[in-house]
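Novice: For chain A, the structure is supplied; the task is to place chain B on it using the hints.
Going down the list, the protein sequences come from chains A and B. Using the working numbering, read the first sequence as starting at 1 and increasing by one per residue. Using the working numbering, read the second sequence as starting at 1 and increasing by one per residue.
If you're looking for bench data, these hints aren't it; they were derived computationally from the structure. Treat the numbers as computed from the prediction; the structure is a model and nothing was measured. This list has only true hints and no planted wrong ones.
Output of the computed footprint for chain B on chain A, the stretches with three or more beta carbons under 8 Å from beta carbons of chain B: (1) 260–273; (2) 286–299.
One side only, chain A facing chain B, incomplete, derived with CB under 8 Å: (3) L29; (4) G192; (5) G193; (6) A278.
C-beta: ideal position from N, C-alpha, C; glycine also.
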Amino acid sequence: MNQDAGTSRPELPPIAEPETATGRPSVSLLRRRLRKFRTLKRGYYSFLLLLAAYALSFLLPLLVNDKALFVRYEGQWYFPLWRYYPAATFNQPTLGEPNYRDLAQTFRQQGGGNWAILPPFPYSPTESLLDLPGSPPHPPSWQHIFGTDDRARDIFARLAYGFNVSLTFSLLVLAISYAIGITVGAFLGYFGGKLDILGQRLIEIWSSLPFLYTIIIVSSIVVPIYIPGRNLVLQPSFWMLILILTVFDWMGITYYVRGEFYREKAKDYVGAAIAMGASDAGIIFRHILPNSLTPVISFAPFLIVGNIGALVALDFLGFGLPAPTPSWGELIGQGMENLTKWWLVFLPLAALFLTLLLIVFIGEAVREAFDPREYSRLR
Amino acid sequence: MNILEVQNLRVSFPIAGGVFARKIAEVKAVDGVNFELVKGETLGLVGESGCGKSTVGRAIVNILRPMVYGVEISGKIVYRHAAGDVDLASLSRPKMRPFRPDIQMIFQDPYSSLNPRMTVGQIVEEPLRIHTKLPAKERKDRVSWLLGKVGFSREQTNRYPHEFSGGQRQRIGIARALATHPKIVIADEPVSALDVSIQAQVVNLMQDLQEEFDLSYIFIAHDLSVVRHISERIAVMYLGHIVEIGPGALIYKNPLHPYSRALLSAVPRPDPEAAKDRRIRLAGEIPNPIHKPSGCVFRTRCPIAKPSCAEEVPPLEFKENRWVACPWT
Numbered sequence: 001m002n003q004d005a006g007t008s009r010p011e012l013p014p015i016a017e018p019e020t021a022t023g024r025p026s027v028s029l030l031r032r033r034l035r036k037f038r039t040l041k042r043g044y045y046s047f048l049l050l051l052a053a054y055a056l057s058f059l060l061p062l063l064v065n066d067k068a069l070f071v072r073y074e075g076q077w078y079f080p081l082w083r084y085y086p087a088a089t090f091n092q093p094t095l096g097e098p099n100y101r102d103l104a105q106t107f108r109q110q111g112g113g114n115w116a117i118l119p120p121f122p123y124s125p126t127e128s129l130l131d132l133p134g135s136p137p138h139p140p141s142w143q144h145i146f147g148t149d150d151r152a153r154d155i156f157a158r159l160a161y162g163f164n165v166s167l168t169f170s171l172l173v174l175a176i177s178y179a180i181g182i183t184v185g186a187f188l189g190y191f192g193g194k195l196d197i198l199g200q201r202l203i204e205i206w207s208s209l210p211f212l213y214t215i216i217i218v219s220s221i222v223v224p225i226y227i228p229g230r231n232l233v234l235q236p237s238f239w240m241l242i243l244i245l246t247v248f249d250w251m252g253i254t255y256y257v258r259g260e261f262y263r264e265k266a267k268d269y270v271g272a273a274i275a276m277g278a279s280d281a282g283i284i285f286r287h288i289l290p291n292s293l294t295p296v297i298s299f300a301p302f303l304i305v306g307n308i309g310a311l312v313a314l315d316f317l318g319f320g321l322p323a324p325t326p327s328w329g330e331l332i333g334q335g336m337e338n339l340t341k342w343w344l345v346f347l348p349l350a351a352l353f354l355t356l357l358l359i360v361f362i363g364e365a366v367r368e369a370f371d372p373r374e375y376s377r378l379r
Numbered sequence: 001m002n003i004l005e006v007q008n009l010r011v012s013f014p015i016a017g018g019v020f021a022r023k024i025a026e027v028k029a030v031d032g033v034n035f036e037l038v039k040g041e042t043l044g045l046v047g048e049s050g051c052g053k054s055t056v057g058r059a060i061v062n063i064l065r066p067m068v069y070g071v072e073i074s075g076k077i078v079y080r081h082a083a084g085d086v087d088l089a090s091l092s093r094p095k096m097r098p099f100r101p102d103i104q105m106i107f108q109d110p111y112s113s114l115n116p117r118m119t120v121g122q123i124v125e126e127p128l129r130i131h132t133k134l135p136a137k138e139r140k141d142r143v144s145w146l147l148g149k150v151g152f153s154r155e156q157t158n159r160y161p162h163e164f165s166g167g168q169r170q171r172i173g174i175a176r177a178l179a180t181h182p183k184i185v186i187a188d189e190p191v192s193a194l195d196v197s198i199q200a201q202v203v204n205l206m207q208d209l210q211e212e213f214d215l216s217y218i219f220i221a222h223d224l225s226v227v228r229h230i231s232e233r234i235a236v237m238y239l240g241h242i243v244e245i246g247p248g249a250l251i252y253k254n255p256l257h258p259y260s261r262a263l264l265s266a267v268p269r270p271d272p273e274a275a276k277d278r279r280i281r282l283a284g285e286i287p288n289p290i291h292k293p294s295g296c297v298f299r300t301r302c303p304i305a306k307p308s309c310a311e312e313v314p315p316l317e318f319k320e321n322r323w324v325a326c327p328w329t
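Only chain A is shown next, with the shape it has when bound in the complex:
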């Protein structure tokens, strides 16, 4: 047999260098998509702006605070930002925490070696400025550029801290609900069969629970509880709200991840992985998951928007974060009650609008950069 095989076998031609080999290094699909994302200017700059603002918001205690950064008093160094000093330490005639703004002023008037360095914006988001003339809410002035709310707390400080709270909250809800949703979706799509049918029905039932009502019921049950004899207080906290939102948020992504896994599992590279003896976990997380991330990444910005919206809605209704926490929803609620005070109505809404707009811009660009049709031949 093979009469023609031995005699005139064509030599293996050398493999032609692929076009990327002409100086450029080889690029993965993810790199290409990130590169594409960087060319979408609106989304990319929104991303940089938001990232910078969010990073900066972690330094807020250094920038917007009523506590001094350093105090030099009678030859001694004090760091009020990190330690508590009673007012008597600086010979101030009040109880509790000293008023560092007054202290700095007093030191300046006295001259001498005592001084205090305050943050650039020396007002705290939880501090009621009761010595301001007139009654709260105070309109914007040079000292309080965004005015104060109905408890005379500085609105700029509250918005700035509220930005960090909203975004952190939203990212945490996203991370936890993605971790659950992706795992569940992956298992349903990968194992299929009875598990899939049952899991999907359970998710459908669970997702038909009315979100807002459930949260309102839960939040109103979990009112502050003082346990007699002990000082324990149980109340709707940051983490509790994250838990509640996650319980309702994780289902959305399961549908998409399940679908992706269902499709990818039938492909031969999964067969090859099984044939070489890879474990189920190895196949799910090493082989299929990296190929199923398109919906996960494209939905993320929009889910962040949704989570911020949910938190604002809860705070607005009064079922959100516990009282002194700086929150946008609570400020918007105050605006609702004080419709004639334009700064209370307009400024929190503007902050919310701008943040959500930036995230939606990012989301649009991400969606375009991760469009599977772009590289459909490769899938």
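Specialist: Here is chain B on its own, set in the frame of chain A:
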């Protein structure tokens, strides 16, 4: 000396329906297949699309159960290795694992068979990572050596599959299959997705590697000229049954089963005069595999069918140095 014996293999896929996705019917993709693979030979498995030849291959590498929910497999796939015989079809996934390095598969579609998120090096390294305890350095060396065997340079190790053409990608698939130094390689239509000019390259490469690595191939194809080029023996399949099996040269020269005759007459020959009257055209369509004909599955299209063909499945009989499943030849 046989290295693999397939005994009465049956594979059926469920068809789910209704609210609870219950099994409402089944497709008997492989319906009682027997053959053996001799060590060092190439067995060609031919037949038209949907005759179950790929399913046989996938059953041998034992990837059907994890990939298709509810698939039913019966019969035996006896792998004869140094330490004794083992029935692969009965093994659970963990028990199958020690035998996986010995039995590997080359897939048909060079696009979907390589993970697009892994570099060529990672793809070929994966089986080594799973089955050997080699240190990273030696693994990398073996990967470049393997890729060198199939014609890649060291620099190309870090490229992604989408940067290569179909033929190149198929060679990556071959390198991956050879990574664990297998004894049996199932090649599931390895060249049917490639241009004819590239097909010859890949087929010749496979033949060279067969000698070098002492491989036994099961070469699945619908392109008879490729099978003829590479295989010593061929098995002709129709609707889940083997209808004729024997030495390739013999069957090519003088096919006995009416289906083999029709199939082989469809091979184009570069002779316009001879081609006209030689071609046997089959009447009708392939029957629906959910409702197969009783008795001989080929009887509905067979030019020599008799009423008794409907009664029982004709067994393979030894005639003229090959096995044929037709009593009328």
